[in-house]
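**Q** As a plain string of letters, each chain reads:
Protein chains: 4
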Amino acid sequence: MFFASDNWAGAHPEIAASLSHHATGFAAAYGTSDLDRAIEQRFNEIFEREVAVFFVGTGTAANSLALATINRPGGVSFCHREAHVIEDECGAPEFFTHGARLVPVDGPDGKMDPNVLVREIERFPADFVHHGQPMAVSITQATEIGTVYAPDEIDAIAAVCRSNGIPLHMDGARFANALVSLDISPADMTWKRGVDIMSFGATKNGCWCAEALVVFDPEKARDLPFIRKRAAQLFSKTRFISAQFEAYFADGLWLDLARHANVQAQKLKRCIEQSSKIRLAWQPQANEVFAVASRETADRLREKGCVFAPWNPPRSLPRPLEKEEVLMRLVTSFATTDEHVDRFADLAI
Amino acid sequence: MFFASDNWAGAHPEIAASLSHHATGFAAAYGTSDLDRAIEQRFNEIFEREVAVFFVGTGTAANSLALATINRPGGVSFCHREAHVIEDECGAPEFFTHGARLVPVDGPDGKMDPNVLVREIERFPADFVHHGQPMAVSITQATEIGTVYAPDEIDAIAAVCRSNGIPLHMDGARFANALVSLDISPADMTWKRGVDIMSFGATKNGCWCAEALVVFDPEKARDLPFIRKRAAQLFSKTRFISAQFEAYFADGLWLDLARHANVQAQKLKRCIEQSSKIRLAWQPQANEVFAVASRETADRLREKGCVFAPWNPPRSLPRPLEKEEVLMRLVTSFATTDEHVDRFADLAI
Amino acid sequence: MFFASDNWAGAHPEIAASLSHHATGFAAAYGTSDLDRAIEQRFNEIFEREVAVFFVGTGTAANSLALATINRPGGVSFCHREAHVIEDECGAPEFFTHGARLVPVDGPDGKMDPNVLVREIERFPADFVHHGQPMAVSITQATEIGTVYAPDEIDAIAAVCRSNGIPLHMDGARFANALVSLDISPADMTWKRGVDIMSFGATKNGCWCAEALVVFDPEKARDLPFIRKRAAQLFSKTRFISAQFEAYFADGLWLDLARHANVQAQKLKRCIEQSSKIRLAWQPQANEVFAVASRETADRLREKGCVFAPWNPPRSLPRPLEKEEVLMRLVTSFATTDEHVDRFADLAI
Amino acid sequence: MFFASDNWAGAHPEIAASLSHHATGFAAAYGTSDLDRAIEQRFNEIFEREVAVFFVGTGTAANSLALATINRPGGVSFCHREAHVIEDECGAPEFFTHGARLVPVDGPDGKMDPNVLVREIERFPADFVHHGQPMAVSITQATEIGTVYAPDEIDAIAAVCRSNGIPLHMDGARFANALVSLDISPADMTWKRGVDIMSFGATKNGCWCAEALVVFDPEKARDLPFIRKRAAQLFSKTRFISAQFEAYFADGLWLDLARHANVQAQKLKRCIEQSSKIRLAWQPQANEVFAVASRETADRLREKGCVFAPWNPPRSLPRPLEKEEVLMRLVTSFATTDEHVDRFADLAI
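Protein chains in written order, with this note's numbering: chain R, 430 to 778; chain W, 430 to 778; chain C, 430 to 778; chain H, 430 to 778.
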C-alpha cells in the first residue's frame, strides 16, 4: 500500500514504450528536433492558443524559472502559506530570482483567500522602496492539500492580480488531477481565467521526468531561452522529454491517468468516512487524501505495510488535532491498484 | 552520416531496457531508494574509494554545481580558453556561483599550459582585494577539441593547484572516451592525480540523461544536498537516472560504448589522412575529429548528407586556415555505424 | 518638532569638525591609512578583545554582509517578525545571500520569544533538504520598537543558537542607545553573551555615514574583504568614515549622544503618560516612543508642526487600537532639543 | 610627492565647508529632502535635459548598478581589456548582475577599437543560446590609463551599439578630467553622442564620497529605486552626499578642480619628456601620467619620497619595456601642489 507520494510510482507502460521507441536514430539536440517541435505544437492544441513551451527537469525548476521570468528587483511574490514554492523547494525560487521574496497568504482549504491577498498586497505601497514591490501571485492547482480552486475562485484571484498589475502563476504539478476534478478544459482553467504563466507537471502523473514551463503570451518569453540555459535546465537529448509527452498526450492518456488517481482517492475517502478510527481532515478533490488518526492507529497501519507521509498540521486545519492524534497524507497515482485501496479499507474499518 | 554531436544519438538499447525494467513498482523518491543507494555504491567501486555522488540533469548543472561547491567571494576560476564552461554554458557557472569569474588560460591542443596557468594565477596576489581571489582550476577530459590530457599533464596542473591551495575540477562530459583512450583506471585519471571534484557525464555516451557530480572527499560535500536542491536539480523519480547508470556500468558497457566511439573516430581520422581534399586540424585522441576543408568541399559533404558542426577556429589551431577554408567538427558516438563512416570515407577521398 | 526618525538629524559638530580636520593631506586609500588602523584598534579597546572590523556605508549593508558572511545554501535565518532586516531592507539580505530566507519569529515587546524560536528552528530538521537549513539568528538591539533585550534575554537566545550550532547576529543600528539603557559594557552586551557578528551603527547617533561590521572571531572574517569589495562597500577615501568614528569614540561622545536621545525619549514618555489624549503603546527603553491617539489628535499634532511617522500596528501590540485610533512613532536623537520636547508636551496635554 | 592615486587626497575645503554647513537641522531622509531635490535639478541643468539621478557610495556601486539596470539573462558586456569594471572591482559587476559576463575588447591607448568590438559582438549570434546574449558596452572616460575618447571615437562606439541594439554605459570615475580635456559640454560628451547611462564620479575630484548613477532616459530607470535599495546603496542621511554635490557644482568648482589636476599632469608630462632617465609610456590627456624608468630610477624616486603605483604593463603598451624597466603610474588631483610637481621635476632630470 504505497500512498507516500505520487512520485513513488514509476512510469506508465505507454510512456516507457514511447521512450524506447525513440531510443534509436539521430535527432537534433537542445530542443530543435522534429519531435520537439511536434510536442510544442501539441501544447498549442491543448491550450487552444499559441503558447511558448520550455521543457525543464523538475517542478522546482518550472516554478523557479516562472518566477525568474517575471522577476523584479526587490520583488515580492504571494502564495498560500502551505504552497510548495514556499515550503518545499529549499529556497530555489529565491535563488533563481536573486532574492525575490515569497509572502505567505492565509486562506481555508489550502487556497488563498482573495481578501487576505488584497491586504497583503496593500502592505507594499508603490514607491515605498523599503518594503519592495509586488511581483507575482502564485496559486497551486491542485493545491498542496488535495483541494482544487473552483473556476470562480481563480477568477477572484485573477481579478486581484489584474487590478494590481501583477502576473498570475499557476503551479500545476498536479494540473491533470485538478482538470479532471473540475471537468473543464485546460484553457478554461488557465489563460481564459487570467493565468499568465504556468508550471505544467507530468512527472507525478505517469512520466519519469517531464515538466514544462508554459507562457501564455509568447512575447513575454523572449528571454526564457537564456534563463533556462543559464539555469542548467536545457537538456541536450530533449527527445527523452518529448517522447514522454508524446505518449502522455496521445488518446487522452494523461486525463485517464489523472482520473484513475482521483477515483482511487475518492475510494480512500469513502473508506475513511466509514471508518471509526480514522477521520478525514478535509474533503479531497484530487489525488491526495488527508486523514486524522490516533498515533496508535497510524502506527498499526504502518506496521501492516501502509506507506504514507506524516504531515505537519497546517494552520488551516478545520478541526484541531486531539492529543495523540496525527495527520496522515495518502496520495494516489496512476499506479495505485484496487488491491492497495482494498487492503487499506480492510485496515481502516 | 550524423557527426554533428554525440548528443544527437538516442539511448543504447541496454539503457532503454533498464529504464523499462524499472518502470513498474514503487520506490522512495528523491534519491533514497535501494536502487539509488546501489548506484552510489557502484561509484565507490569504480573509483576505488568512498566518494560522494550527486545525480543531476545536465553537464552544465554538474559543472556549475561543482564550482558552486568550491565557491569563494570574488572567486576566479581558471580553465582553458576553449573550455565548455567558459564558452558554451551561457554563463551558468557564473550564475550558480553568484558571479565568480572564469579566466581563460591558453595552451596548445586544447589543454592548459601549466606555465601559463601559473602566470595567470599570479595575477591574483593574496590580499589584493580588487582583483578577486583564485578559487578553482577546471580541466576538461577529454578536451573540447577531442584531445586528452596525459597522466603527467594532469599531474603538472594538479601540482600548480596544490602549491596554490586551489581545488582541481575535471569536466568529464566525455570521461569514458578519455579513459579508454588512456587505458587507465578511473582512480588513476582522477583523485590519484589530484582531482578533487568532477562532472561525470554519461549522456553523451549512450544514456538519455545521466550526469553526476562526484566529490572525492565526501567531507567537502556536506552542503551539496542543499546546493543541488536549491538549484532545482534534485529529481523526484531518481530511479530514472539510477536505472540508466545500472545498465551503463553493467559488464563494462560504458567502456565498450566509449571504445566504439573512439574506434570510429580513428577510422574517420585515417580517411582524412588519406584524403586529398580534407586534412586533420590536429590529432584526435577520443571521439571528436576536427578537419579542415575548402568551403566547397564542406558544402558538398553537407549536400551528400553528412551532418557536422562548423567550428570557429580556436587560437591554438596549429596551422592557420587558408582563405576559403573552414573547420569542421565530426563527433562519433556509441551509435555511429560503420556504414556512416564508410560513406564519409567515400566522399572524403 | 522633528520626531520622524533619528536619521532626519544631521551630524554632531564634533563629527563635522573631525571630518574637516582630516580633509587635508594625503592618506592611503581603501582602508589602509594610519587613521583607519587606529580606528580599528579603538574597536578592539571598546570590545575588550581583538575583533575584525569592516566599515560599510549603510546599516542595510552591515546586516546583509553579516548574513552573507555566515551564509549557507538553502539557508534560513530567524529574526523577530518586525525586524528591520525582514521588513525594511527591500530584500537586501536575501539578495546578498543569493536567496537565503528570513523566517519571522513572534514574541512580545518586539523581542523574539526563545521558545517560539526553538519551535521555528525545529521546523527545519537536519537533512530534510526540501525545507532548507538553519543558518543564523538575528536580534535587533535596541529593537525596532524601542525596547531593549535584557542581558538574560540575550543569554536565552544565545543558548538556543549554541545548542543548534547557529551563529548569532546583532543588528546594532541603535547599539549605543541600548548600551546606555542597560548601562553595561559593549563586551557584556555582545560576545560575552554569545553574539558572533554585529552591525555597529553610528549614523543614527550623530554621524553622517558611519557603519561597521564587527566579527568577534577574526578567523571567521577571512573572506570578508572580498565579500565587502564585491558588494561595492569598500570606500576609497575611508578616512571620511574613520574621521567620524574618531570623534564619535573620543571622550565617550557616542555614549553621551545616546544618553541625550534616551533622556529625551523618557521625557516624551512622561508627557504621554500624563496626557489625556495620547497613550503609550508600550514602555520605551531607548530612543523610540510609540504612542496611540485618535486620528483627530494625530492630525492636529501634525498641523502644529509635529513630524512623526505613522506606524502599522504590529501583531505584538499589547492593547489593540480602537476604531479611529492610530499608532505614531516618535524618535529622538542627539539633536532633539528640549524646546521640541516641551512644545510636544504642550500639545499633548 | 603623492602621486599614488587621486583618492589619496582628502576633500576640497569648499566641499568640507558645505558638509559642515548642512550638519545642523533636520531634513527628510532617504533622498527626499529639499536639498536632494535641488541637486537632482542641478544634474538636469548640467546635462541640459531631464535625467534620472541616483546617488551611491562608490564608483564600483555606480558601475555595477548601471549594468544591473540593463541586465539580461546570459548577458555579456563588452569593455576595454584594461577597464576598471573588469580588472579592479573584484567581480562586483558580475555579482550585481547575477553572473552577467564581461568580455575584454582590445584597442590602442586604453580605448576599445570599434572594429574589434564588432568582431567580439559577432561571436554572440542572436538565438545561439549557449554563448549568451550581448547586453551592454561600457567605455571609461577618461580611460584607466589617462587617455580620453575623442568625440568621434565615442560616436564610432555608439554606432556599433545602436546597430546591435545594445545600450552604452560610460564609467565616468574621472568624468570631469575628460570633460575639461576635451573642452566640451557634459551633454556633448554623453547622451548627444549615444551614451544611455553613466557613472558620474566626484570622489576622485575633490569630494569625500559622492558618486551618482545617471540615466538619460528616466523611463528606463523605473526599477532603479529598488535596485539601489536592494543593493544597500540608499543612504539614510543623503544630505551628506547632496551637500558635497552642492559645493562641487557651485561656480564651476568641479571643472576648476579637474583643470588643476590636468594641468599638473601636463607639467609632469613635460618633466618626463625632458628627462634622460624616465620616458612617457604614452601621451597623457587627463590626470594620469604613465612613465617608464629603470627599476633603479624608480626605487630612487620612491626613496626620495615620491609615492606612485607600480603598474602591470598593459598589452597595448606602444613600446615594450626593456629588461629591468618598470612602468609607473603618477596621478594628479585637485590637491596636487606645484611644490610636489617641482620636486618631482628636480628628481626626474
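No lab work stands behind these hints: they were computed from the structure.
It is possible that some hints are incorrect.
Said to hold, decoys possible - According to the in silico footprint, chain C covers these stretches of chain H (three or more CB under 8 Å from chain C):
(1) 551-558
(2) 580-588
(3) 617-626
(4) 638-651
(5) 740-751
As the list claims (entries may be wrong) - The calculated lysine to any residue pairs, modelled on SDA-like cross-linking and capped at a C-alpha distance of 25 Å, are:
(6) W:733 x R:457
(7) R:649 x H:698
(8) C:752 x R:591
(9) R:752 x C:681
(10) H:649 x R:457
(11) H:698 x H:777
(12) C:696 x H:455
(13) C:698 x H:457
(14) W:752 x W:711
(15) R:752 x C:679
(16) R:752 x R:680
(17) C:696 x H:551
(18) R:752 x C:554
(19) R:649 x H:652
(20) H:733 x C:453
(21) H:752 x W:550
(22) W:752 x W:766
(23) H:752 x W:553
(24) W:706 x W:725
(25) H:696 x H:616
(26) W:649 x C:591
(27) H:649 x H:679
(28) W:752 x H:551
(29) H:698 x C:696
(30) H:752 x W:548
(31) H:649 x H:587
A quick note: this is a predicted structure, and the numbers were derived from the prediction, not measured.
Note that CB positions come from ideal geometry on N, CA and C, so glycine has one too.
**Q** Each of the hints needs a verdict: does it hold here or not?
**A** Structure-based check of each hint:
1. Using a Cβ-Cβ cut-off of 8 Å, 0 residues of the region 551-558 of chain H lie near chain C, which falls short of the minimum of three, so the contact claim is violated.
2. Look at the region 580-588 of chain H against chain C: 0 of its residues bring a Cβ nearer than 8 Å to a Cβ of that chain, fewer than three, so the hint is violated.
3. Taking a C-beta to C-beta cut-off of 8 Å, the region 617-626 of chain H contributes 0 residues in contact with chain C, too few for the three needed, and the coverage statement is violated.
4. Judged by the Cβ-Cβ criterion of 8 Å, the region 638-651 of chain H is not covered by chain C as claimed, because only 1 of its residues qualify and three are needed.
5. Taking a C-beta to C-beta cut-off of 8 Å, the region 740-751 of chain H contributes 0 residues in contact with chain C, too few for the three needed, and the coverage statement is violated.
6. Proposed proximity of residue 733 of chain W and residue 457 of chain R is supported: the alpha carbons are some 18 Å apart, at most 25 Å.
7. A hinted pair counts as satisfied when its Cα atoms are at most 25 Å apart, and residue 649 of chain R with residue 698 of chain H does not qualify at roughly 55 Å.
8. Simply put, residue 752 of chain C and residue 591 of chain R have alpha-carbon atoms about 31 Å apart, too far for the 25 Å limit, and the pair is violated.
9. With a CA separation close to 57 Å, the supplied pair residue 752 of chain R and residue 681 of chain C exceeds the 25 Å bound.
10. Proposed proximity of residue 649 of chain H and residue 457 of chain R is contradicted: the alpha carbons are some 39 Å apart, above 25 Å.
11. For the proposed pair residue 698 of chain H and residue 777 of chain H, the alpha carbon gap of about 11 Å is at most 25 Å, so the pair holds.
12. Annotation: proposed proximity of residue 696 of chain C to residue 455 of chain H holds, straight-line Cα distance about 20 Å (limit 25 Å).
13. Note on residue 698 of chain C and residue 457 of chain H: the hinted pairing holds, with a Cα-Cα distance of about 24 Å set against a maximum of 25 Å.
14. Of the pairs offered as hints, the one joining residue 752 of chain W and residue 711 of chain W holds, with about 19 Å between alpha carbons and a cut-off of 25 Å not exceeded.
15. Restraint check: the Cα-Cα separation between residue 752 of chain R and residue 679 of chain C comes to about 61 Å, which exceeds 25 Å; the hinted pair is violated.
16. Between residue 752 of chain R and residue 680 of chain R, the direct Cα distance comes to roughly 49 Å. Violation of the 25 Å bound is thereby established for this hinted pair.
17. Distance restraint check for residue 696 of chain C and residue 551 of chain H: the Cα-Cα separation of roughly 69 Å exceeds the 25 Å cut-off, and the hinted pair is therefore not satisfied.
18. As the CA atoms of residue 752 of chain R and residue 554 of chain C are separated by approximately 23 Å, the hinted pair is consistent with the 25 Å bound.
19. A threshold of 25 Å between alpha carbons decides the hint, and for residue 649 of chain R with residue 652 of chain H the separation of about 18 Å falls inside it, so the pair holds.
20. Only pairs whose Cα atoms come within 25 Å are accepted, and residue 733 of chain H paired with residue 453 of chain C is accepted, the gap being roughly 22 Å.
21. At roughly 23 Å between alpha-carbon atoms, residue 752 of chain H and residue 550 of chain W fall within 25 Å of each other, so this suggested pair holds.
22. In summary, the hint linking residue 752 of chain W to residue 766 of chain W is not supported, as the alpha carbons are separated by about 33 Å, beyond the 25 Å threshold.
23. The hinted pair formed by residue 752 of chain H and residue 553 of chain W meets the criterion: a straight-line CA distance of about 23 Å does not exceed 25 Å.
24. A threshold of 25 Å between alpha carbons decides the hint, and for residue 706 of chain W with residue 725 of chain W the separation of about 10 Å falls inside it, so the pair holds.
25. This hinted pair does not check out: residue 696 of chain H and residue 616 of chain H have alpha carbons roughly 29 Å apart, beyond 25 Å.
26. Of the supplied pair hints, the one linking residue 649 of chain W and residue 591 of chain C holds, its CA atoms being roughly 23 Å apart against a limit of 25 Å.
27. Between residue 649 of chain H and residue 679 of chain H, the direct Cα distance comes to roughly 29 Å. Violation of the 25 Å bound is thereby established for this hinted pair.
28. Restraint check for residue 752 of chain W and residue 551 of chain H: the C-alpha separation of about 19 Å stays at or below 25 Å, so the hint holds.
29. With a C-alpha separation of about 65 Å, the suggested pairing of residue 698 of chain H with residue 696 of chain C is violated against the 25 Å cut-off.
30. For the proposed pair residue 752 of chain H and residue 548 of chain W, the alpha carbon gap of about 18 Å is at most 25 Å, so the pair holds.
31. Only pairs whose Cα atoms come within 25 Å are accepted, and residue 649 of chain H paired with residue 587 of chain H is accepted, the gap being roughly 18 Å.
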